[in-house]
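**Q** Below, each chain spelled out in residue letters.
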Amino acid sequence: MSSSTTNTTTIGTIGAPSRRNTELAMLVFAVLIPVFAYINVGLAKDGSVPAGVLGYSLGLGLLAAVAHLVVRKWAPYADPLMLPISTLLNGLGLIFIWRLDQEHSLGKAMAPNQLMWSTFGVALFLGILIFLKDHRVLQRYTYISMVVALVLLVAPVFFPGVNGAKIWITIPGLGSLQPGEFAKIIIAIFFAGYLMVKRDALALASRRFMGLYLPRGRDLGPILVIWALSLMILVFETDLGTSLLFFGLFVVMLYVATERTSWIVFGLLLSAGGAVAVATFESHVQIRVHNWLNPLELSNGGVTETAQAMYSFGSGGILGSGLGQGYSRLIQGIAPKSDYILATVGEEVGLAGLMAILLLYGLLIERGIRTALAARDPFGKLLAIGLSGAFALQVFVVAGGVTGLIPLTGMTMPFLAQGGSSVIANWALVAILLRISDTARRPAPAPAPSTDAEMTQVVRP
Amino acid sequence: MNKPLRRVAIFCGLLVLALLVRVNWVQFVEGDQLKNDPHNRRVAIERYSTPRGNIIVDGKAVTGSTTTDSGDFKYKRTYKNGKMWAPVTGYASQAFDANQLEKLNDGILTGTDDRLFFSRTVDMFTGGKQKGGDVVTTLNAKAQKAAFDGLGNQKGAVAAINPETGAILALASTPSYDPSSFAGMSNKDAEAYNALQKKNDPDEPMLNRALRQTYPPGSTFKVVTASAALENGLYNGVDTKTNSPLPYTLPDTSGIELKNEGNIPCKDATLREALRWSCNTVFGKISADLGNKKMKAEAEKFGFNDPGINTPVRASESIFPEDNRPQNAMAGIGQASNRATPLQMAMVASAVANGGKLMKPYMVDQLVAQNLNVVQQHTPQEMSRPLSPENAQKVQSIMETVVKNGTGTNAQIPGVTVGGKTGTAQHGENNKDNPYAWFISYAKTDKGTPVAVAVVIEGSDTLRDDIAGGKLAAPVAKRVMEAVLEGQK
Numbered sequence: 001m002s003s004s005t006t007n008t009t010t011i012g013t014i015g016a017p018s019r020r021n022t023e024l025a026m027l028v029f030a031v032l033i034p035v036f037a038y039i040n041v042g043l044a045k046d047g048s049v050p051a052g053v054l055g056y057s058l059g060l061g062l063l064a065a066v067a068h069l070v071v072r073k074w075a076p077y078a079d080p081l082m083l084p085i086s087t088l089l090n091g092l093g094l095i096f097i098w099r100l101d102q103e104h105s106l107g108k109a110m111a112p113n114q115l116m117w118s119t120f121g122v123a124l125f126l127g128i129l130i131f132l133k134d135h136r137v138l139q140r141y142t143y144i145s146m147v148v149a150l151v152l153l154v155a156p157v158f159f160p161g162v163n164g165a166k167i168w169i170t171i172p173g174l175g176s177l178q179p180g181e182f183a184k185i186i187i188a189i190f191f192a193g194y195l196m197v198k199r200d201a202l203a204l205a206s207r208r209f210m211g212l213y214l215p216r217g218r219d220l221g222p223i224l225v226i227w228a229l230s231l232m233i234l235v236f237e238t239d240l241g242t243s244l245l246f247f248g249l250f251v252v253m254l255y256v257a258t259e260r261t262s263w264i265v266f267g268l269l270l271s272a273g274g275a276v277a278v279a280t281f282e283s284h285v286q287i288r289v290h291n292w293l294n295p296l297e298l299s300n301g302g303v304t305e306t307a308q309a310m311y312s313f314g315s316g317g318i319l320g321s322g323l324g325q326g327y328s329r330l331i332q333g334i335a336p337k338s339d340y341i342l343a344t345v346g347e348e349v350g351l352a353g354l355m356a357i358l359l360l361y362g363l364l365i366e367r368g369i370r371t372a373l374a375a376r377d378p379f380g381k382l383l384a385i386g387l388s389g390a391f392a393l394q395v396f397v398v399a400g401g402v403t404g405l406i407p408l409t410g411m412t413m414p415f416l417a418q419g420g421s422s423v424i425a426n427w428a429l430v431a432i433l434l435r436i437s438d439t440a441r442r443p444a445p446a447p448a449p450s451t452d453a454e455m456t457q458v459v460r461p
Numbered sequence: 001m002n003k004p005l006r007r008v009a010i011f012c013g014l015l016v017l018a019l020l021v022r023v024n025w026v027q028f029v030e031g032d033q034l035k036n037d038p039h040n041r042r043v044a045i046e047r048y049s050t051p052r053g054n055i056i057v058d059g060k061a062v063t064g065s066t067t068t069d070s071g072d073f074k075y076k077r078t079y080k081n082g083k084m085w086a087p088v089t090g091y092a093s094q095a096f097d098a099n100q101l102e103k104l105n106d107g108i109l110t111g112t113d114d115r116l117f118f119s120r121t122v123d124m125f126t127g128g129k130q131k132g133g134d135v136v137t138t139l140n141a142k143a144q145k146a147a148f149d150g151l152g153n154q155k156g157a158v159a160a161i162n163p164e165t166g167a168i169l170a171l172a173s174t175p176s177y178d179p180s181s182f183a184g185m186s187n188k189d190a191e192a193y194n195a196l197q198k199k200n201d202p203d204e205p206m207l208n209r210a211l212r213q214t215y216p217p218g219s220t221f222k223v224v225t226a227s228a229a230l231e232n233g234l235y236n237g238v239d240t241k242t243n244s245p246l247p248y249t250l251p252d253t254s255g256i257e258l259k260n261e262g263n264i265p266c267k268d269a270t271l272r273e274a275l276r277w278s279c280n281t282v283f284g285k286i287s288a289d290l291g292n293k294k295m296k297a298e299a300e301k302f303g304f305n306d307p308g309i310n311t312p313v314r315a316s317e318s319i320f321p322e323d324n325r326p327q328n329a330m331a332g333i334g335q336a337s338n339r340a341t342p343l344q345m346a347m348v349a350s351a352v353a354n355g356g357k358l359m360k361p362y363m364v365d366q367l368v369a370q371n372l373n374v375v376q377q378h379t380p381q382e383m384s385r386p387l388s389p390e391n392a393q394k395v396q397s398i399m400e401t402v403v404k405n406g407t408g409t410n411a412q413i414p415g416v417t418v419g420g421k422t423g424t425a426q427h428g429e430n431n432k433d434n435p436y437a438w439f440i441s442y443a444k445t446d447k448g449t450p451v452a453v454a455v456v457i458e459g460s461d462t463l464r465d466d467i468a469g470g471k472l473a474a475p476v477a478k479r480v481m482e483a484v485l486e487g488q489k
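Order-wise, the sequence lines are chains Y and G.
Heads up: the first sequence runs through residues 1 to 461, numbered per the UniProt record's numbering.
Heads up: the second sequence runs through residues 1 to 489, numbered per the UniProt record's numbering.
Misleading hints may appear alongside valid ones.
Said to hold, decoys possible - Simulated crosslink set (EDC-like; lysine to aspartate or glutamate; CA at most 20 Å straight-line): (1) G:K259 / G:D289; (2) G:K360 / G:E164; (3) G:K74 / Y:E259; (4) G:K3 / Y:E366; (5) Y:K45 / G:E46; (6) G:K83 / G:D203; (7) G:K3 / Y:E259; (8) G:K35 / G:E164; (9) G:K267 / G:D239; (10) G:K83 / G:D189; (11) G:K301 / G:E322; (12) G:K80 / G:D178; (13) G:K293 / G:E317; (14) G:K145 / G:E400; (15) Y:K45 / G:D72; (16) Y:K133 / Y:D377; (17) G:K60 / G:E486; (18) G:K155 / G:D114; (19) G:K35 / Y:E297; (20) G:K35 / Y:E305; (21) G:K35 / G:E46; (22) G:K360 / G:D306; (23) G:K3 / Y:D377; (24) G:K241 / G:E400.
Derived by calculation from the structure, the hints in this document are not laboratory data.
Chain G extracted, bound-state conformation (with noise of 0.2 Å):
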């Protein structure tokens, strides 16, 4: 009988073996994976152990933590003007998990994070609590300030950067939500919770417009346009005539005109008075000469189509679309199936501001450990560039003209070169929906270029020509110049 005895000694070893190769699997392989599941309650446990780390700006936290006695949690979040920050910190709930820089930077602010292991390990021997670091943000309160006032009962968005770095100097979307109501586990935070959600508030409060919501950009996209003519040699300069009819027919259709908002003088225009007018025309014509290759290739070089872009916070991929000639006339002047987020907006603005040079945009400067020392210094990067310095030149110039004695003159800003550009975009079939209002524009001093900015306001009924993007969008991006500006004396 022992031969089967040993048979069955393997197997049982076999079972053992099988027991200790799965435990490792599930402690060691999944064993992080598991540790940080959000669904894993102990990740709340430790984010709320210890008083929370903070999110900076301008020197000053704008979170902050206070004791509560919610069972197993012994600390809460709370934001100093949480509503205005929102679109930045995102938020830190007991019950609901985190977003946004909360969640991206949980490790720091919770004080696990591998870079404070050193700290951390001071803090053991010294039997000091182990503490969450900071989150340094690059934003500007003044011009956060001014985004969010200017904004003010509308439903849209602002996003400003700083051209030389990339920056992000103001974040800011309405209508907003204060993520302190929901920032404990009580029923009151959950029924805080459960109204903002889109199904039952149409207006999406928890939606951060500026980053994660995509817009027809309509006029604005003349700017990328244009850039993209000075780019591929269409004309030599911005004062030449770009023979451009009017009428104008989109190409390959049966006579479909493309229109021109009122009756501007369109016909033959240069690239100055085209874009001081916002002529359709003549840049979806000159979308249609260049072809959709070489139109999405410049949009590219903007930012356009890239899903990659972590400020850390994710914005949604902006599209300029694939298409056929028509469509790709219209895309030219940022309809059809051009769509752009209002932080890539101000990215065109900026790289057109910085002398062609496209910044890659951020909005974490650094990640310090509690014991002041940084973990994590940011330093400006070189996205792309999108035009040749005489080319940005150039495309400065006639913004310029646009905020000088065009359409965007409610931008004007004394003693400050402003340079803009207005957008109306059309949306829902036959633009039975409201119109988006659009403002990009950056401010230029003899000291530099400090801000660019890009603002989408969701219309109302009363505006629905082209004026509305120099009646409603730049008044607000002028506030936010204005207090990046007064800033900087």
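If we strip away everything but chain Y, and leave its shape as in the complex, we get (with noise of 0.2 Å):
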């Protein structure tokens, strides 16, 4: 018995510990943290404590407990890290919200809402983990998934583009939606239902050539259609993330059901070909390319936002300006409170601050890869990566966008940035990945017992 429980590949199966007190304890300072960050932006910006900093706390903290009580009595065996890291990334995200907020050159405040979308996401939290009692019922949908996904991907199509990207579906007097977070994990859900069945075919029915497996040509068919789709997402709703955010979590997803490293450089191959063949056409594709290899340059004599966010991390410098004590506000245009909110983090809280901030990101893309490991159906497997996967694409592609390690692309830091779609659909991807880590920690029922075994129980007088 103890012998499993150090098992460090599988969790253990019989008596491991809950860790639901673990959890509550870093709950505490996942509420805490960004209190005293509220009370610091206050204090910097008015020399006053701020009139909303109780109910804030006691709002994040109402969210917290009550979420840990769910998790407690649905999900006791749950991954005791995930729900106070994204509690503690989604209040500090309201923080940086509510301090750019406090700048009047940047429009309306945004914060209020954005506390509002932060509920919703709890609540679908919730209900995710009370009422998805298994995750494999998911499967019984890939082909539903696969629709939906298909339909929430292109429908942004339809609607006029805000800023040059087509990622939203705006719904008259309701406000505008962002699909693609949801087709995210939609579409994950489609990918681990779809290989989970297909995977020996792939696997199995291959030629070798060069050292590579070479999958046939009619079970080529998946990848190239996904592919074909994500570049049309390029071209027709101009968004460079999403279309590398679909391609790249179904290789990895294809990898790890058939682990032939051939998807991997099929799959390397198709998007690099794609993505010069769509750049030598698709001007704003070149202008992102231009504006990352030329960070600093001005554009009819003014400063870009590009170089406003690389100023804004290269003036925080080590340990940061101080909360409410930058300039980000530089940073003007469309997106300084969502896409560029890590220049604000690295200004204000400095190079350490955003290195925590990146860990804590790091921290949970590996506790949802450390849940597919444990998972102990190949569906779970699948979905726990897939989710993990698109999750670890994003943050990558975001942060390294904004801070200039390669060209940048609309999307929106998970938690930390503004967008109501984005935290609702990530509420629910940690939902799933919680769901996903309780089934396999959960001890398996004990096993009845033997009546052969007590017959031929030696017996000495």
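Using the hints, put the two chains back together into the complex; each one sits in its own frame.
**A** Listed below in structure tokens is the structure:
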């Protein structure tokens, strides 16, 4: 029994501690840190503790407490770190958005709405934990998921673009929705279900060529369809990030399902080819690449947003200017509170704070992959790696874009950035991961006492 | 499925690692560079968030700060008599960055310099606001006024140095500009700034002619040629015959004559007479006899061909060219490709006046923190020795003859020994553009040699002969020398 609890690859099956108290202790920090940050911003901006601090801390505390209680009741063996990390990132995100709300040049306040969306997000999180008793139920909806995902991906084409990217569905009177965020989850469900069925065909029916297992022509079909779809997203919705995310997600899941390195090679070749092809005739991609290579270049004598973000990071230095004391408001334009929120983080809490945030993301991703490792059913494994992989790719694409590691794409930093769809979708994503990890770590029911065993016992007088 | 899962885990770890490396690169390695990038508005916001430190001349500030309501900025730079001091201070503008002393000492003036760390820390604990320190210059207000007023409406520049220390006493350039006129960021400031740009004003008021413009030095360069002759032992004294013919034909040419200005007694003249009358033939021949290498070496000892003369505002490089024999002969009389800044020619006069020892020119004496602690004090430094003390005496003696009864009589000051040299540099193809009138000089009393000065005036049509230097430039030099001497009493 003790050997199974120390096993690092598959989390112990019998008698594993539930770790709920660890989660509770972590959650206390996850609530306290944003509350302190809130006070810090208020003191820096106005010299007084902000009026909303009590409401905010009670609100965040209540959300965390309810979430914790629900996990304790409905997913007692779930991973203890994911909920605190998500709470902390969401809480800090609210503070950074509120902090930017204090700059009047950046338009209307967005923190109250973000708080509302976060509440909806947590509500969905709770709903999933309560009503989704077993993640394998999702397997039944494989092909429905495919249809829904396609609809969600294609829908924005029919709505007007916002700031050059067609990634929104606008519902008059209700606001707008970024379907890509939800599609990310749903398409992971579809891939997991599809690959679980097809993996043997894809893995075994292949020819060896130059050390690589080449799939049969007809098995290449699905990957080519997804590839074409992601290219179409890029071309028609001018959304580099979503396109990259879906294709990357598919390649990763295909690789995990088939254990064939050749898929990775194919994936890289196809994405490189597609990127080059699109870049040659799509001007917006060329502009992005140009800005990436020349981040500080002036445009019409003015400093670009890209350059302003770089100046933000540079000016933050190692320790940062202190919350509320930076000048990230200089990043004017469309997205200082969403896409560029990391620049504010980098400037105000410095390299130290930004590395801490990135490590939190890293930790969340690795906990997700650990869940995939621990999961006992192939569908669970595939779904968990799909969700974690999508999350990892999104973090990389956004953070890499904002810091100038790769060309900038229009996506939001999960939990941290302003955006209702994003925060709701990511709470749902964490909920599904928690459900899988709960199933994985849940002790197997004790074996029924075997009568045969008793009979063969040697009885000594 | 666990093996690929582990690989994916490693891959995701690498993605996060790449992000960590990148943020270290941006925030740590490139951080300071990005932080201080001139396009980073934070630089200007910080610069104008507190009253800026001042630039001090003779114990009084020539700059100031006033509160503004222009958006991000709390304060704005002001200047007292900005036109006169612009070549010294440069400008600091909310919209157009800063230059010269304002830029080079920005850290001190803004209060962010590391050397102010202590006083900043004290401020932090005592609750005081961060304040900028002051830049104390070596300039002499009276000399500067004499130079600026002396140039008047003419286009030109003046540089005056204390030969004993290298301290810059006057640095004037006309036409000038008032840096107050575009210190802010309003449309009016932008219009004022644009009007001063070269494309809108061919007179280039924002050009600091004293440091940043090179001119052909003309006959004033003969002082360097005479020094080269003595240092290389071409003649044993300034009163020995130079064995020079008249007319003199440039070497390696088919009979191109080097002409003198008018019919002056240059045949076989002594160095004293040749300098007194400004004989092109004699000095052209000296340069030819010494050869390009020796001439260049001597010029370099005076500071030519040095791109790094930082006062701390960097002076443009003055050029003594590497050239063929006829061109080298022409360079010996300050023509051909020979170019010098006014500061460079003041250095020539100052080295002669200081017994052959050239002191490094500088204009910032002290950097002072707001609590009056001196964070940096300049100590005079020797730059080179272009002349031995004996040869320096000889060159002084012939320069004094120029002023006593030569071309430079306009610079005479009663009761003071003045040495000088006039110059009128031709310029343009076939001498078609207006010539430059030059005068370099120094003044000596029994208390020492307090001033060496160079004046250049971009001349008018009326004066094309060698008298121009003596007539236009010498009176300005005289006023500057008098102003310095007056302050000595």
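**Q** All the hints need checking, so say for each whether the structure fits it.
**A** Outcome of the hint check:
no., hint, verdict
1, G:K259 / G:D289, "holds, 17 Å"
2, G:K360 / G:E164, "holds, 10 Å"
3, G:K74 / Y:E259, "violated, 63 Å"
4, G:K3 / Y:E366, "holds, 15 Å"
5, Y:K45 / G:E46, "holds, 17 Å"
6, G:K83 / G:D203, "holds, 15 Å"
7, G:K3 / Y:E259, "holds, 8 Å"
8, G:K35 / G:E164, "violated, 41 Å"
9, G:K267 / G:D239, "holds, 14 Å"
10, G:K83 / G:D189, "holds, 16 Å"
11, G:K301 / G:E322, "holds, 15 Å"
12, G:K80 / G:D178, "holds, 9 Å"
13, G:K293 / G:E317, "holds, 19 Å"
14, G:K145 / G:E400, "violated, 26 Å"
15, Y:K45 / G:D72, "holds, 15 Å"
16, Y:K133 / Y:D377, "holds, 15 Å"
17, G:K60 / G:E486, "holds, 19 Å"
18, G:K155 / G:D114, "violated, 41 Å"
19, G:K35 / Y:E297, "holds, 16 Å"
20, G:K35 / Y:E305, "holds, 16 Å"
21, G:K35 / G:E46, "holds, 11 Å"
22, G:K360 / G:D306, "holds, 12 Å"
23, G:K3 / Y:D377, "holds, 15 Å"
24, G:K241 / G:E400, "holds, 19 Å"
The structure shown violates the earlier hints numbered 3, 8, 14, 18.
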